[in-house]
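Peer 1: Starting from the given sequences, assemble the full structure and let the hints guide the process.
Residue numbers (this note's numbering), protein chains in the order written: chain X, 1 to 438; chain L, 1 to 314.
Check before you lean on any hint, since a few could be wrong.
What the hints assert, rightly or not - Covered stretches of chain L, going by a simulated chain X footprint (3 or more residues, C-beta under 8 Å):
| hint | segment |
| --- | --- |
| 1 | 110-120 |
| 2 | 126-137 |
| 3 | 196-203 |
| 4 | 215-228 |
Claimed, not checked - No farther apart than 35 Å at their CA atoms in a straight line, the calculated lysine-lysine pairs in the DSBU-like style are these:
| hint | chain 1 | residue 1 | chain 2 | residue 2 |
| --- | --- | --- | --- | --- |
| 5 | L | Lys64 | L | Lys221 |
| 6 | X | Lys240 | X | Lys148 |
| 7 | X | Lys148 | L | Lys87 |
| 8 | X | Lys308 | L | Lys87 |
| 9 | X | Lys164 | X | Lys240 |
Source of the hints: derived by calculation from the structure; they are not laboratory data. In this text the structure is predicted, and so the values were computed from the model without any measurement. Glycine residues also receive a C-beta, built at the ideal position from the N, C-alpha and C atoms.
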Amino acid sequence: MSILLSGVTLPDGSRADLGIRDGVFVAPGDLTGATVIDGDGLRALPGLVDLHTHLREPGFEQSETVLTGSRAAAAGGFTAVHAMANTSPVQDTAGVVEQVASLGEQHGYVTVRPVGAVTIGLAGERLSEIGAMARSRAAVRVFSDDGKCVHDALLMRRALEYVKTFDGVVAQHAQEPRLTEGAQMNESALASELGLVGWPAVAEEAIIARDVLLAQGAGARLHVCHVSTAGSVDVVRWAKARGIAVTAEVTPHHLLLTEDEASGYDARFKVNPPLRRREDVEALRAALADGTIDIVATDHAPHPVESKEAAWAEASFGMVGLESALSIVQHTMVDTGLLDWAGVARVLSTAPAAIGRVTGYDAPLAVGAPAHVTLVDPAATRTFGVEHLRGRSVNSPYLGRELPGRVVATVHRGVPTVLDGELRDPDAVAAEGEAARG
Amino acid sequence: MRHLLSTRDLSRDDAIGILDVAEDMADVARRAVPKLPTLQGRTVANLFFEDSTRTRLSFEAAAKRLSADVITLSAKGSSVQKGEGLKDTVQTIAAMGVDAVVIRHGASGAARTLADGGWIDAAVVNAGDGTHEHPTQGLLDAYTMRKARHGDASRGRDLEGIRVVIVGDILHSRVARSNVWLLKTLGADVTLVAPATLLPTGVGTWPVTVMHDLDDALAAKPDVVMMLRIQSERMHAAFFPNEREYSREWGLDDARFSRLGPDTMVMHPGPMIRGLEISAAAADSARSLVLDQVTNGVSIRMAVLYLVLTGAAA
Chain X
1 MSILLSGVTL PDGSRADLGI RDGVFVAPGD LTGATVIDGD GLRALPGLVD LHTHLREPGF
61 EQSETVLTGS RAAAAGGFTA VHAMANTSPV QDTAGVVEQV ASLGEQHGYV TVRPVGAVTI
121 GLAGERLSEI GAMARSRAAV RVFSDDGKCV HDALLMRRAL EYVKTFDGVV AQHAQEPRLT
181 EGAQMNESAL ASELGLVGWP AVAEEAIIAR DVLLAQGAGA RLHVCHVSTA GSVDVVRWAK
241 ARGIAVTAEV TPHHLLLTED EASGYDARFK VNPPLRRRED VEALRAALAD GTIDIVATDH
301 APHPVESKEA AWAEASFGMV GLESALSIVQ HTMVDTGLLD WAGVARVLST APAAIGRVTG
361 YDAPLAVGAP AHVTLVDPAA TRTFGVEHLR GRSVNSPYLG RELPGRVVAT VHRGVPTVLD
421 GELRDPDAVA AEGEAARG
Chain L
1 MRHLLSTRDL SRDDAIGILD VAEDMADVAR RAVPKLPTLQ GRTVANLFFE DSTRTRLSFE
61 AAAKRLSADV ITLSAKGSSV QKGEGLKDTV QTIAAMGVDA VVIRHGASGA ARTLADGGWI
121 DAAVVNAGDG THEHPTQGLL DAYTMRKARH GDASRGRDLE GIRVVIVGDI LHSRVARSNV
181 WLLKTLGADV TLVAPATLLP TGVGTWPVTV MHDLDDALAA KPDVVMMLRI QSERMHAAFF
241 PNEREYSREW GLDDARFSRL GPDTMVMHPG PMIRGLEISA AAADSARSLV LDQVTNGVSI
301 RMAVLYLVLT GAAA
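Peer 2: Here it is, written out as structure tokens:
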């Protein structure tokens, strides 16, 4: 199958034609009889890579499955996602991660890279079979107990050392558990007024400070999930200045929303770590712009309606984010002048791919490289609604908001998964994906 | 008035309006037959997801004095314990034909979620939600202070110039929050006294004076001393070392009580733990308004049910 993307605008602002054949980029002149996609006015980005996705399968299929989550990802312009380990059974053995990876392969919308649990059952007591998961067909490189913090200092030290053995990275959910018992929202005057138990910034910052020093001692890579406070940014900046191999992510919602959203007790805005102050949002944007924070990751966390239609304290933490991530990044970073589109390509594609050791993203859009590409219309605006959500759950905090940008096409390994802004049929995507793999 | 969810969003006129209606309701209680036909044929559901005896009984008495029918759900042994969610429980009760829902719930914001959720049409009265608010308690406290200060000339008046000291576990207290907002709206001066562990984050932004030393606070001869209940499980979570030390530092013991001015009102939302936050002598003294608070609670709740069920302006 051949595709010609004609006259697209590349991340650096130049115009070009992009040719795709047999799953890789080829010189446009070499194509014959290609399907032509008019790229006039569209920005071509390397396929987006999410380092932090909850696909919920196996175990929580009422919220999301590998298929529905893959479709949500493709609709948002993603070509690879990292599926977090808090499934049931937990992704703590080679068998489970291989199953998840192969489901992703079979559906073909995105490359599904399972994340392995650091500890058995996410219990924070004993290391899981990290080596077996790394050597499995899933070739796991990112290990995380996300949802829970590896809070035992000795265990975290061992995990950093052991994961290093397999060129992996520990992605830490930084949350000191004792300081956040029963926590419901950012600790603040607003939380006190609302009578909601506060989640203090120090609970995140103290763990990051400890972990960067442990990583330095171990000579290991550390990745910090969903950084949410200005103080955390300071710690990461300090660690990077010391040459510590730490990377950090921020979620789209922490780039846009503040704790004020909690004031009506609408549980769609309940998330962990919680929405913070305006000053934190500003610090996170600045840190993403200057590279202190390396990437944007969605923390896409689907939940069924009933777990959000509840009193705040009884509702689940988390929000879906795959379908809206690029729009939020454009809105908060590009339209504000903080980041150009080359920067977007870095924080949403090449940098997360490098952290996750996802191959095929180091020479984006170049002839010979795997054809992962996203076409976005930055001039479009839309009132974001449930019709824009393509996963199984609708717990988006952006419903009813005017958002810029629209994903027009997504191509995963040469196979179009989204065309004219619409997801393609699952059977066609699966069949073409299988053919492309040979 | 459509709902009563908090004192925070009551205007001065609204608040005084409720207190004045409560005056009328108190007059009813003094009649030979202390009952009005006003809410005949209306049904009030008391949904108590959290245990409470006094507040539940007070709302029941209030509804019955207005001739409303009352149905009561207590969490223990109910469908709530079987895992039914708030939405289903409330919709089930509402489907039985209910005009007002009085809700006590352990989760902050539960009453607001009920009022905003579009699940039911009934009026919602917050009878205490988590550590957020307990607005009828705030109102009955304000009523009690106004009555003690102005007697039969209370109608139409606010609490201008009254100095109130609230002592104890402010952090976990919905009573303290409802009092702080309402007393401020009514013009009173409020001082909070507690160890730093039992004060909420950001209390500095509240319209109050914050002190740690109870003796200093009492030396200023306040008009009202309101003692809050201290829950002994708090000391296990390291909020304070033990009951003895708490009592010594922040209890209204006999010595502190004897130094109060002759007109100082002693209040407590109950249930009291004598010997811990308040001495028996203080609780039983003529200056103690604890039982007045209970009596006035019925008048306030009659007023609130009347206002939300008739849609009248406060």
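Peer 1: Tell me, which hint numbers fail for this structure?
Peer 2: 4 and 5
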